[in-house]
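Novice: The lines below spell out each chain.
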Amino acid sequence: MLGWASKTDPTQQNITLMIEVNHLVKRFGPKTVLKNLDFQAQQGEFVALLGPNGAGKTTFLRILSSLSRQTLGEVIIAGYSLPHQAAAVRRQLGVVSHLPLLYGDLTAEENLQFYGRMYGVKGLEQRIGAVLELVGLAPRRRDLVRTFSRGMQQRLAIGRAIIHDPEVLLLDEPHTGLDQDACEMLDNVLRQVAARQRTVVMTSHDLVRVADLASRFDVLSRGAIRASTPRLGLPQDGLLAFYREALNTATIAPGGAP
Amino acid sequence: MSDSKSRWLILLDIVTIVLFFGAVGMVFFYAPLEASMGIVQKVFYFHTASFWTGMLGFVFSMVAGIIYLRTHDHKWDIVGLAGIEIGLVFCLIGVITGSIWAYPAWNTWWTWDPRLTTVTIMELAYFAYLMLRAGIEDPERRARFGAVYAIVAFISVPLTFFSIRMFNTIHPVVIGSSDPGAAGTFAMTSKMTTVFMFALLAYTFLFADLFWHRIRLGRLADKVEQKKLKLSE
Amino acid sequence: MNTVTPFIRAMNAIIWKDLAAEWRSREMVSAMLVFALLDIFIFNFALELNPQVRASLTSGILWVTLAFAGTLGLNRSMAVEKDRGCLDGLLLAPVDRTAIYFGKTIGNLVFMLLVAAIIVPIYSVLYNVNLFNLGLIAIIILGAWGYVSVGTLLASMTVQARTRDVLLPVLLFPVAIPLLVAAVKASGGFLDGSAISDIAPWLNILVVYDVVFTAVAFMVFDYVVEE
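Chains as they are written, first to last, in the numbering used here: chain U, 1 to 258; chain H, 1 to 233; chain Z, 1 to 227.
Since the hints were made in silico from the structure, they are not lab data. Heads up, the beta-carbon is just placed ideally off N, CA and C, and yes, glycines get one too. Check before you lean on any hint, since a few could be wrong.
[What the hints assert, rightly or not] Not the full set, but computed from the structure, chain H residues with beta-carbon under 10 Å of chain U:
{"hint": "1", "residue": "99"}
{"hint": "2", "residue": "135"}
{"hint": "3", "residue": "138"}
[Claimed, not checked] Across the chosen pairs, the derived CB separations fall in these ranges:
{"hint": "4", "chain 1": "U", "residue 1": "248", "chain 2": "Z", "residue 2": "20", "range": "49 to 57 Å"}
{"hint": "5", "chain 1": "U", "residue 1": "146", "chain 2": "Z", "residue 2": "215", "range": "34 to 42 Å"}
{"hint": "6", "chain 1": "U", "residue 1": "133", "chain 2": "Z", "residue 2": "41", "range": "50 to 58 Å"}
{"hint": "7", "chain 1": "Z", "residue 1": "215", "chain 2": "U", "residue 2": "133", "range": "44 to 52 Å"}
{"hint": "8", "chain 1": "H", "residue 1": "130", "chain 2": "U", "residue 2": "248", "range": "26 to 34 Å"}
{"hint": "9", "chain 1": "U", "residue 1": "248", "chain 2": "H", "residue 2": "220", "range": "36 to 44 Å"}
{"hint": "10", "chain 1": "H", "residue 1": "220", "chain 2": "Z", "residue 2": "16", "range": "49 to 57 Å"}
{"hint": "11", "chain 1": "U", "residue 1": "211", "chain 2": "Z", "residue 2": "165", "range": "39 to 47 Å"}
{"hint": "12", "chain 1": "U", "residue 1": "71", "chain 2": "Z", "residue 2": "215", "range": "29 to 37 Å"}
{"hint": "13", "chain 1": "H", "residue 1": "130", "chain 2": "Z", "residue 2": "24", "range": "50 to 58 Å"}
Let's have the full structure, built from the sequences with the hints guiding it.
Specialist: Below, the structure is given as structure tokens:
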């Protein structure tokens, strides 16, 4: 199935447009959480999705990860649309949330074996070894996950997310609850994982942290993307200023309430 | 849909009240006094009609559940809930009127016969439905789970009935009795049949009336919720 | 390229995962066993059974015990997925939701049968009753399957409610009554050597229940897990 060309630049080809979201609306009963959200990500981009609490970041990510269904609008990932081609999308997605999605009573290896089987990964044994190396948990291979610190669990969670070598990685505030060392280790892993031309979308509260990691910064506020800039386009006073500016514009947007 | 009471609903209210009083009148003044049980037997009309109404409610709720799952249209959730609330109330009335009838007839408030037992189990199941809804905060999930359980509960009813019937029975079989000697049975004269049918009709209107009112109430409540949310934004 | 992981493989992965995790900690099965044994002891004192009466009550006591212990297992099995967000992990995988349903259900069946396999001999010993009866074993399997097929569906809902522990029995028991009645009568029939023609109607109900509810459960499971 051919993808959709970018709205802003008609010469873009679908193969590099990994994520495309058009006019996304999400309602929970009477409450509208996402209103007319448009979003795109090129292959290889590392997008930091910023925004205040309650803006809809987690909801947006859940829709992208196929766990939640949009009320209206198009979501196309790696050329497949949600919700109808959900299985194909899932194969291309790796998701890390603030919950590790790991089984405490199984070892690191067994967790990866389980997920590897669920994703139909070939050559699983080798892949597990490679992934554990990548996330720095090879020595803890045979240890039960419930003995892992939170930082280690998050790193293993990233391993779980990439066991099937997905094109797209979605992370929802992965640094939550981690101390400084653990954060740095996580960031190292993230850089390596992102380096393989993977497309990454990560929500975060921690501006300092994402300033180093991301190649692009989007601000989601009150249900829609209010501002977006590549790293090079950041203003002189940096990310914080850009962020504040974006939020200010959002609250006094012309044309009435958003 | 406007907020004020639809004219049809007002008409339905009136018709229902008229029919209901008509039915009560017929039961007490038109229907003959039954030989063996006297005036207590008249409870029978209300007892059976109540069950009929209750079952209507449960049937509607299962259908509403199925439709909700397919369409995700919130109004079907309200319909399902309304059906179950009505079902619960009227089946309870049915059980209580059954007790009122049972005591003079068999000298016991309760019998473990299949129909009565099945209905009581149904009451428990549908009460569980309300408990399930109460334990879930997200309205969409609440509606979905409610729909699922409404379907599961309804499907279990015939199975429950047959299994308990095989277990034992002393309930009088009024319609198409296989054992005319069973205690408490009585043959229905044609006058009784008329009253019986009329009572069923009145109760059916009562069901429709209450159902409509309850659904309307649910939708109004939803609208209030929406306006509250808009205000707080 | 085949995008959806094959049904059987996904289902087996889930069953294996549940068995392996439980084998490690053995928390759930031991809780179920202790509970079941306590149940039997309580019945002993509560009912003051003399040997004659006891024989006719055996199947009832067994099934009540299995039902309650089964609830523990069902709760625990779904709670494992809810903690640490693992249910999301299952849903993120490119697998048929029905495979998830059957994976969990078969896992639950294994645990319930395991508990039955231990308490039936113990009951035999405690009451000097011979329970090694092929018919009984068949009924236990059929009954357990019906119970876990509905139970897994309902547990996947109740585990997301605030009142999760209390809610599962409240939802499950009314709906499971035909199953329990039929299982008790059929087990009793096999134990006291009734003619197969007497037991057959109860067997019928059991089989019908199993078929109907398995069908309903796996058709409806998607709606429970998909947001």
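Novice: Decide, hint by hint, whether the structure agrees.
Specialist: For each hint, the structure was consulted:
{"no.": "1", "hint": "99", "verdict": "violated, 41 Å"}
{"no.": "2", "hint": "135", "verdict": "violated, 17 Å"}
{"no.": "3", "hint": "138", "verdict": "holds, 7 Å"}
{"no.": "4", "hint": "U/248 x Z/20: 49 to 57 Å", "verdict": "holds, 53 Å"}
{"no.": "5", "hint": "U/146 x Z/215: 34 to 42 Å", "verdict": "holds, 37 Å"}
{"no.": "6", "hint": "U/133 x Z/41: 50 to 58 Å", "verdict": "holds, 53 Å"}
{"no.": "7", "hint": "Z/215 x U/133: 44 to 52 Å", "verdict": "holds, 47 Å"}
{"no.": "8", "hint": "H/130 x U/248: 26 to 34 Å", "verdict": "violated, 47 Å"}
{"no.": "9", "hint": "U/248 x H/220: 36 to 44 Å", "verdict": "holds, 39 Å"}
{"no.": "10", "hint": "H/220 x Z/16: 49 to 57 Å", "verdict": "holds, 52 Å"}
{"no.": "11", "hint": "U/211 x Z/165: 39 to 47 Å", "verdict": "holds, 45 Å"}
{"no.": "12", "hint": "U/71 x Z/215: 29 to 37 Å", "verdict": "holds, 31 Å"}
{"no.": "13", "hint": "H/130 x Z/24: 50 to 58 Å", "verdict": "violated, 39 Å"}
The structure fails hints 1, 2, 8 and 13 (numbered hints given earlier, in ascending order).
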